[in-house]
Amino acid sequence: MTGDWMREKVLPVLTVVAAIFALWYGAAIWMNSSWTLAQAERAGKTLTFTEIVKDTMSQSRPKLPAPHQIAAEIWKSTVQKKITSKRSLIFHGWITLRATLAGFALGTAIGILMAIAIVYSRTMELSLMPWAVISQTIPIVALAPMIVVVLPKIGIEGRLIPKAIISAYLCYFPVLVGMVKGLRAPHREQLDLMKTYNASGLQSFLKLRLPSSVPYLFTSLKIGIAAALVGAIVGELPTGAVRGLGARILIGDQFGNPMQIWAALTCAAILAGLLIMIVGLLQRITLKRMGMAE
Amino acid sequence: MALMEKPLQNEQGQGADCPKETVIRARDLDLVFQTNDGPVHALKDVTLDIDRGDFVSFIGPSGCGKTTFLRVIAALEEPTGGEIMVNDLTPDEARRLRAYGYVFQAAGLYPWRTIAGNVKLPLEIIGFTREEQEERVKKVLELVDLEGFERKYPWQLSGGMQQRASIARALAFDAEILLMDEPFGALDEIVRDHLNEQLLKLWERTNKTICFVTHSIPEAVYLSTHIVVMSPRPGRIHEVIQNPLPRERPLEIRDTPEFLEVAHRVREGLKAGHGYDG
Ligand SMILES: Nc1ncnc2c1ncn2[C@@H]1O[C@H](COP(=O)(O)OP(=O)(O)O)[C@@H](O)[C@H]1O
Ligand SMILES: [Mg+2]
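In order, the protein sequences belong to chains A and B. FYI, our numbering numbers position 26 of the first sequence as 26, with every residue one higher than the one before it. FYI, our numbering numbers position 256 of the second sequence as 256, with every residue one higher than the one before it.
It cannot be assumed that every hint is accurate.
[As the list claims (entries may be wrong)] Pairwise CB distance ranges (calculated):
1. E8(A) x E134(B): 39 to 49 Å
2. R188(A) x R205(B): 26 to 36 Å
3. W5(A) x E124(B): 34 to 44 Å
[To be verified] The list that follows gives simulated cross-link-like pairs (lysine-lysine, PhoX-like), each with its CA atoms no further than 25 Å apart:
4. K139(B) x K207(A)
5. K9(A) x K288(A)
6. K86(A) x K76(A)
7. K195(A) x K181(A)
8. K44(B) x K271(B)
9. K86(A) x K54(A)
10. K181(A) x K153(A)
11. K152(B) x K138(B)
12. K288(A) x K152(B)
13. K138(B) x K207(A)
14. K86(A) x K207(A)
15. K207(A) x K44(B)
[What the hints assert, rightly or not] From chain B, some residues computed to sit far from chain A (all C-beta separations above 12 Å):
16. E21
17. D30
18. P39
19. E77
20. D92
21. R95
22. E124
23. Q156
24. S166
25. D181
26. D188
None of these hints come from the bench; they were simulated from the model. For every residue, glycine included, the Cβ atom is placed at its ideal position computed from N, Cα and C.
Input sequences plus hints: build the corresponding full structure.
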């Protein structure tokens with residue numbers, strides 16, 4: 001049992017991870033070596049291969065930091081900093097997470113409500129659906145600065161709400177599409193059965209359409225939460241932001257600090273992974289409780 | 001079988017003693033579907049009386065309007081001509097009074113509800129009290145021989161058991177008319193024989209009016225008091241055969257000359273109506 005599990009689940013994942021690390025180290029050596037060689041030439045030294053490799057892994061401003069350098073940077077800016085410190089990645093991560101969750105909640109609510117409107121009204125479908133599709137063709141990087149700039153002008157203070165709106169903008173669409181599909185999942189006979197019971201519209205919705213949509217909803221939520229995180233980070237990129245993972249990436253870039261960029265990027269990736277895992281776990285628990293999974 | 005506990009002899013011949021009461025009365029019923037490929041005449045001049053307590057089978061090749069007729073009775077389809085009354089009401093009025101229990105070909109149980117939960121569904125919608133819901137679920141699950149499976153989910157049951165649960169669901173709210181559209185079509189023959197036997201006993205016990213669509217001649221002959229032979233394009237009734245077999249029918253009756261004679265008549269009817277492709 002556990003042997004199989006190791007072979008079928010853990011081993012492939014570890015293989016891929018190992019391959020990524022190998023590639024990464026290779027790329028770091030290759031990309032950073034030009035700096036190493038330039039320095040050596042200026043000093044009139046010739047370096048052995050081992051010396052080159054060693055140097056490419058320990059530059060303070062490498063083109064591509066090696067994984068262990070990023071790990072060290074993350075360690076430094078999480079465990080070794082107070083959570084309230086402006087240099088703590090946990091602090092910045094929390095800022096981003098807050099906006100992500102707010103945007104996720106807003107986007108999910110909008111997506112579900114629009115899906116209900118579309119499924120129950122042909123007019124709504126004809127008028128809303130094209131706009132929903134168009135909304136996703138506008139690049140978010142073009143829209144985000146507008147939202148960040150305009151909202152304070154109409155009296156909305158702070159960064160949280162504009163970021164949450166950008167998040168919601170990215171997150172609502174997958175939820176909408178999944179929910180429309182889910183609410184339409186009951187086939188004709190299932191709906192007819194409700195009719196033979198003389199069920200009301202609300203009863204058909206609560207007892208048939210809504211439960212039918214749950215598996216679809218969760219699949220969408222996994223995409224939605226990742227999209228919400230992207231939205232929150234994009235919302236932190238426009239100039240002026242000083243807090244959040246997006247701002248760390250931007251500031252790191254402006255000040256030529258690759259470690260900071262890569263540490264923030266890695267944190268964002270870890271956060272995304274954790275969020276998707278949590279939604280996946282909720283999905284498993286919910287479907288199991290509903291009797292739809294073993 | 002659990003359903004056999006009570007002897008049923010005294011119910012024999014009941015149809016002869018009681019005055020006939022027409023439950024479903026169809027007159028010159030027409031139904032034309034407008035499709036992209038032009039009109040489809042699904043029902044044409046269908047005239048039929050079904051009395052209380054009848055077990056009526058509808059048999060005929062695919063596309064001859066069997067399902068459509070059942071759906072018209074249940075007010076799921078609106079006829080384009082003719083007239084149909086159910087308990088002297090329109091089908092839609094009868095539907096609102098929950099006169100029908102409908103059993104579809106696929107059991108169609110909700111995967112997120114247990115067997116008891118599925119049977120409870122119509123009871124919740126109709127608004128029975130909790131105690132009454134429990135009581136009825138217990139009663140109908142016993143009736144279809146599924147006691148002990150209340151807490152199982154549909155996927156944990158075999159196809160035949162799922163179909164019995166869907167029959168229990170249709171029985172739960174005491175609809176007088178049971179409409180069954182090829183309920184055992186997807187099951188293998190052994191399970192099917194068993195369910196046919198059970199259905200017959202259930203009908204004896206509850207004295208419901210049953211309309212039963214089937215593809216199988218032996219099934220139609222074994223179960224019914226009347227066999228309606230239909231023919232396609234346009235869908236119409238070719239012949240109604242009154243089944244002379246006694247009401248009490250052990251499975252072995254299917255080997256008797258009387259049974260084979262009725263089956264032969266049905267087959268001839270199908271041939272005359274339009275080649276039987278089932
Ligand atoms: N909703 C519908 N729209 C258009 N045509 C239909 C519809 N339902 C049934 N039909 C057509 O009506 C005819 C009778 O169908 P049906 O009653 O399902 O036959 P049966 O159940 O005897 O196989 C068929 O030709 C079928 O294609
Ligand atoms: Mg059919």
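- Violated hints - listed by number, lowest first: 9, 10, 14, 15, 19, 20, 21, 22, 23, 24, 25
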